[in-house]
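Following the hints, position chain B with the ligands against chain A.
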Amino acid sequence: MSRLACDFGPLSLQSPILTASGCFAYAQQFEQFLDLKRLGGLSTKGISPLPRRGNPVPRIYETASGMLNSIGLENVGVEAFLSEKLPFLASLGVSIWVNFFGTDFETYVQCARELSEGSAGRIDVLEMNISCPNIKKGGIEFGTVPEVAHKLTRAVTEATDIPVVVKLTPNVADIVGMAQAVAEAGAAGVSLINTITGMAIDVRKRRPRIATTYGGLSGPAIKPVALRMVHQVHRALPELPICGMGGIISGEDALEFIMAGATCVQLGTINFSEPSASVRVTEELDALLDELGFENVAAARGCLESLDPEPPHQEESPWR
Amino acid sequence: MDLWARLWQSRPVPAAQFRVIVERNTALTGGYFQLDLEAPVSTPIAETRAGQFVMLRGEWGRDLLNGRAFSVLDVRDDRHFSVLAKVFGRGTALLSEAEAGTPLTCTGPLGTGFPEPEGDELSLLVAGGVGLPPLHLYARRAAEAGAAKDVVLFYGGRSEADIVLTEAIESAGVELVVATEDGSRGHKGFVTVPLLERLRAAKAEGRALRMLSCGPTPMLQAVRKLALELGVPAHLCLEEQMGCGFGVCLGCAVPVYGELPYKYCCTDGPVFDAREVRWS
Ligand SMILES: Cc1cc2nc3c(=O)[nH]c(=O)nc-3n(C[C@H](O)[C@H](O)[C@H](O)COP(=O)(O)OP(=O)(O)OC[C@H]3O[C@@H](n4cnc5c(N)ncnc54)[C@H](O)[C@@H]3O)c2cc1C
Ligand SMILES: Cc1cc2nc3c(=O)[nH]c(=O)nc-3n(C[C@H](O)[C@H](O)[C@H](O)COP(=O)(O)O)c2cc1C
Ligand code: FES
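Protein chains in written order, with this note's numbering: chain A, 1 to 320; chain B, 321 to 600.
No lab work stands behind these hints: they were computed from the structure. The beta carbon of each residue, even a glycine, is placed where N, CA and C say it ideally should be. Watch out, some of these pointers could steer you wrong.
Said to hold, decoys possible - Label pairs and their calculated CB-CB ranges:
#, chain 1, residue 1, chain 2, residue 2, range
1, A, Arg207, B, Gly350, 23 to 31 Å
2, B, Val361, A, Phe88, 27 to 35 Å
3, A, Glu31, B, Glu495, 53 to 61 Å
To be verified - Computed footprint of chain B on chain A, listed as stretches where at least three residues anywhere in the stretch have a Cβ under 8 Å from a Cβ of chain B:
#, segment
4, 68 to 77
5, 111 to 123
Looking at chain A on its own, in the form it has when it is part of the complex (with noise of 0.2 Å):
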């Protein structure tokens, strides 16, 4: 069996090298890079129960190591998801995680019941996307109250017999509160961390650089935040499947993500820029677990050991 083939709780992936929501559209376009038959699996757009449109320009901007969207969940919608863009991803063969959100506790509960209704078998999870504004309760976000996402998890989890794994947004106190608030509820596992709000200014415009004036941080810039996290829910929850994301770009970025705990990780921004990351990133990971004597995946999984204590301080050195 090759080295790279892991669980995510139910489901066999052949690497756990997969890719972001938002960061590889519906894969089409990914054809003219890569093998796409060569990932893990891959995330799509994030899907709503009608077709969304999307946020006013400037929607994007560069920051150190990162960059601020807000693209505005932007998607096709799950009726031109299912007929559209969901045969194609199939005939793929890789494990498809479709991403979805709605906008108050029904349409999340409906966009899960209609993707469920029209996957036949050909959707392996539905990754919940709880970072987005509640609009009845005043637009604050569903990932950021523990009871409110238990109780979202729970209604979506019994809406549909497919996997359903929360993608959990890094812009709370404690993740592994919220963490263990959508395990109970019978999620198969989490996705973290989704983007960090941010913001950046042009001064000599003074205004905002993109036109919601505050956006997600993703890249490179969000990793440690994004691993601290990866580490504290595993640590708290170990038996938690865990799919890591932020700023990977690297397999041995990859490697840090599954030392703290990921079970796979996904990898977003670096599609941008290198669309055919992917299979660089899983091509180093699979060398680097050889050069360091992992058997497979899920040896190197959790396998961070703490720094060694600094022996007792003494007054005198036994050493004079």
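Just chain B with the ligands, lined up with the frame of chain A:
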């Protein structure tokens, strides 16, 4: 195959990502520089249509994440092409310092090109600043195809130093009309002044006309206004913030009239019909 047909094939060419090295970096006046690039192996670049672009990125590690978009200025064969640029921010500053032999990653050719002319209509090309490359390429290709008389290049800049690479246009036999804001070369003022004169004259002759334009947004807005007022078809090559260049980040939205509020600069454009662009 008919040369026009070959130069304006409507079949989209699949893009590729490939390595190139800087063959030559030539500093021009006005802070402009021309990068002549060479790929070690055959690439789809030979199929580039005027108006298409490439995303270029140096070995910049984890900072300056995304490629920078540049219109293709010239294509010599499937391994050799050029871009024209000016320092704008950090990415273009790094590229301006690239020495011969510097490796870059290139993705392309991307986007749509300018549409084919219909019959013997006169194409008035309107360029400003870094908007020159696609029109430079268009004009030279028209001349190659024996249609030098069917194009006129209007080229505007702040002063003489901003006007570059005009010899190739003149030697191709394409009429060139230059305007500078300070009057140091050609007409004094905006390029849209001599353009309007020519539009009126050509209309009076009853000549079929169109405009193709690329340059700073205020210039494109002026061209669009003329086009709408005089009822002359116009195609504008737009710039928008780009993340990927091939239609996946959805960052490069262009507001348009029509069923949907936005189109995408990198895949639906960068060339748009002036009538569809939703500018106030
Ligand atoms: C289709 C197209 C064709 C272009 N052709 C040319 C050309 O032939 N010659 C030339 O000199 N310039 C051209 N540009 C503009 C060029 O892409 C920008 O000047 C360049 O990206 C600025 O990068 P920077 O790192 O210097 O600036 P920064 O401000 O540091 O860039 C920050 C980010 O914003 C993006 N960005 C900033 N300004 C622009 C812009 N005007 N358009 C698109 N993205 C931008 C950059 O790509 C980068 O991701 C073109 C742009 C587009 C969209
Ligand atoms: C342009 C863009 C669009 C995104 N769209 C979505 C989305 O629709 N749904 C979602 O759950 N995450 C979305 N994300 C977040 C990514 O999937 C990922 O969690 C994040 O970018 C961190 O990974 P990275 O640093 O590798 O990009 C988007 C990110 C970017 C940059
Ligand atoms: S630049 Fe990414 S979609 Fe156009």
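Numbers of the earlier hints that this structure fails to satisfy, in rising order: 3 and 5
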